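Chain by chain, the residues:
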Amino acid sequence: MKSLALHLAVIALLFALQFVLPPYHHTNIARVMVLAVFAMGYNIAFGYTGLLSLGHALFFGAGLYAAGLMANGGWTGLATLPAGLLAGGLVALAVGMLALRTAGVSFMIVTLMFAQAGYLTILYFGPVTGGDEGFVLPAAARNLAGFDLATETPRYTLGLALFAVALLANLALVRSPLGRVMVAMRENEERSRMLGYNPFTVKLTALVISGLYAGVAGAGYALMFGYVGASFAAIQYSILPMLWVLLGGAGTVLGPFIGALLMFYLIDLSSSVTTAHQMVVGVALLALVLFAPKGLLGTLRERGLKWLP
Amino acid sequence: MAAMILSARGLTRHFGGLKAVDGVDFDLAQGEIHAIIGPNGAGKTTFVSLLSGRIPVQSGSITFNGQDITRLPAHARVARGIAYTFQITAIYARLPVYDNVALAVQRQGSRALRRDTMAALARVGLDDRADQEAGTLAYGHQRLLEIAMGLALKPRLLILDEPTQGLANSEIEGFKALVRSVVPDTTVLLIEHNMDVVMDLAQRITVLNFGRLLAQGTPADIRANGAVQAAYLGG
Amino acid sequence: MAAVLALTAVGLSLVFGVMRVVNVAHGEFFMLGAVAAWFVTAFTPGPPVVGFVAALVLCPLLVGGVAALADRLVLKRLNYDPEATIVATIGLLYILQQAALSLYGPDARPVPAPFEWRIQLPWFGYSGYKLFVVAAACVILLAVWLFMTRSRAGLVMRATQIDRDTARAFGINVDRVYAGVFALGAGLAAIAAVLIVPIQQAHYLMGHDPLLLSFIVVIIGGLGSVRGTLVAALLIGLSDGVISVFYTPTLAKILATLFVALVLVFRPQGLFGAKQ
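Protein chains in written order, with this note's numbering: chain B, 1 to 309; chain D, 1001 to 1235; chain S, 2001 to 2276.
Calculated directly from the structure, the hints in this document are not laboratory data. Keep in mind that this is a model prediction, so the values were computed, not measured. Glycine included, C-beta positions come from ideal geometry on N, C-alpha and C. Honestly, I wouldn't trust all of these hints.
Said to hold, decoys possible - Which bits of chain S does chain B cover? Going by a derived footprint, with three or more residues having C-beta under 8 Å, they are:
1. 2070-2079
2. 2083-2092
3. 2097-2105
4. 2176-2184
5. 2205-2219
Produce the complete structure using the sequences and hints provided.
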């Protein structure tokens, strides 16, 4: 109960925030919210099920390009958003069928390789995808049920809506029997098998849910910011969600959002001092792995807030 | 003789040159308590691992409840009603006691998860520790939790691998009462080193030695069997 | 350039074989070697050959030193947990790349070859320097091979590879072995880089392709098997040229990447490894 109230409060706070934020931060928070959906998806695979993937950019990119390419064909958000969701899930299903035959380090490399192949494929079909430079979505396509997503309020609202649904679904998932089994797989796969759970099926389910999150985030991102490019499918976008999740706390529902928010503003602030934002990412990764492998919320949970989901 | 719930024929598993299990025929009667004994390295754990599906069968066949399960993966056998508890305690140490058992209960498609889980915990006397992290339980309690997870699967056959290892005498009494309370609905197959427990609990005993069947019979038969005595005294 | 590829890949393979660490930053050590080579040759007076020899000696030492430091400060503290070290080496990759960008700049800069000399055969000309690179790489590979199989240090490394705890019980300083191996692996990448810069220019992003190619080589050769790595490096290096004739480079890369992923899925012991 307490945790449901907390999560609703976060959503309410974000809703209220849009009326006081200056335009620059208004856009930023909208961006962070949709990226947080991506991070939540990553967390479902990594934080809860223990699947350390280095290829989530592929699922994000699938959603992004599904929405972008359909937009070029004249479709609007009502069709492209669900299409992005499905694209992410389907690609995750295909990758999972193969990659989940491996585990641990092999799984990391295989997902990395698949994502890299996906990225190169986008470059290869440059005439359609715009290659490295990408393309801008036609203005007419950035429309959801009559609202123009190029304007501030609808954009923020879409970001918040995606975030709210994703967050509450995430909360429901981790409290459901399926969520419990996912954690069980992370903790002890062999034991879970001897309780009658097929490890492959459970992990594939988790990865597909994760892919759905990444896919809808990609499609939402394309619609909200009107741009689609290969860089969103590059390895950087596999590393970033991992970083956000590690920072906020793997295996916590709010962790991905907090991680994405902090990291976004950390890079934003540091870029006024230095252009070396890659350095920030690198140092943050090292520091987290070395000193706080449980992240912010994970550490809080250990220090007494045991009810934190 | 009562109906057989499980039959194995010519069950074999070699590891390199080691014949861990070598052509064993084995029948388990519905509702009995059956003990497997044998010297160290006799292939007991490998044998029950073949039955539970943790290790694939090399040759031979297993039927359970009239159906061939030789090629079924372990999780599918659990779904058919074969539960296995680990020799080395394998609980989810970082999860609450409640979740450990709930994982087994929900596998049965329970309608009232909370009630059924608490009932399963109460059966081994751990209901007052439901919220404790399982890894912080005393060793004896961890063993009980392991058994509670097996029982919560409501199995037709419960395989216990050295369940009393490391338990105090008082705890062993409780364990024996627990096992007696689950038959005849559940058939119990246990590997056990403690002969007092075996002789007291088991209705039939199978003796393995060097991966082969050495003897089988009632506790009285086994006590009187010269080959068994030779294996234990000689080994 | 199969020979250079083999050098880089053997470094990666060595690190994985002995330490069970997948070093994602390996390509950055390669890049660091190339960039360092530019600095050394640019600031060494005299004919190019002096600068080149200086680079060949200094760069591996420098890069090896950086690697040893990274091992001490980061990897050791993670207790060489496989997944955590991957995350950490990704962090390292970003840091090294950014450091190179900040100190060296975004330009690609050439390094003069130590000598200009072409072999002129009746039907084609061939750069003498390229032949020198191949020969040098082969000599170094042979040296590594002998070092691993014949020397005492090699024995210690192999002992550590087989069983870390037993090695420690026999009085082997495992920490020092690990630091040494990590430095050696990085050093090999740096040597490869010094050899290649007269042919390819030094650039702060140049670590990507060698990393991917090295990954491919190591995985196809069976993770951690030095001999398999060598065979795979030669095969890939040779076939790379062949494949590019039929396909565009991008398509060739896509195919190669997918191929590696599938090898890992279906033949985790590598194409040439024995089935366990």
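Which numbered hints fail: Failing hint: just 4.
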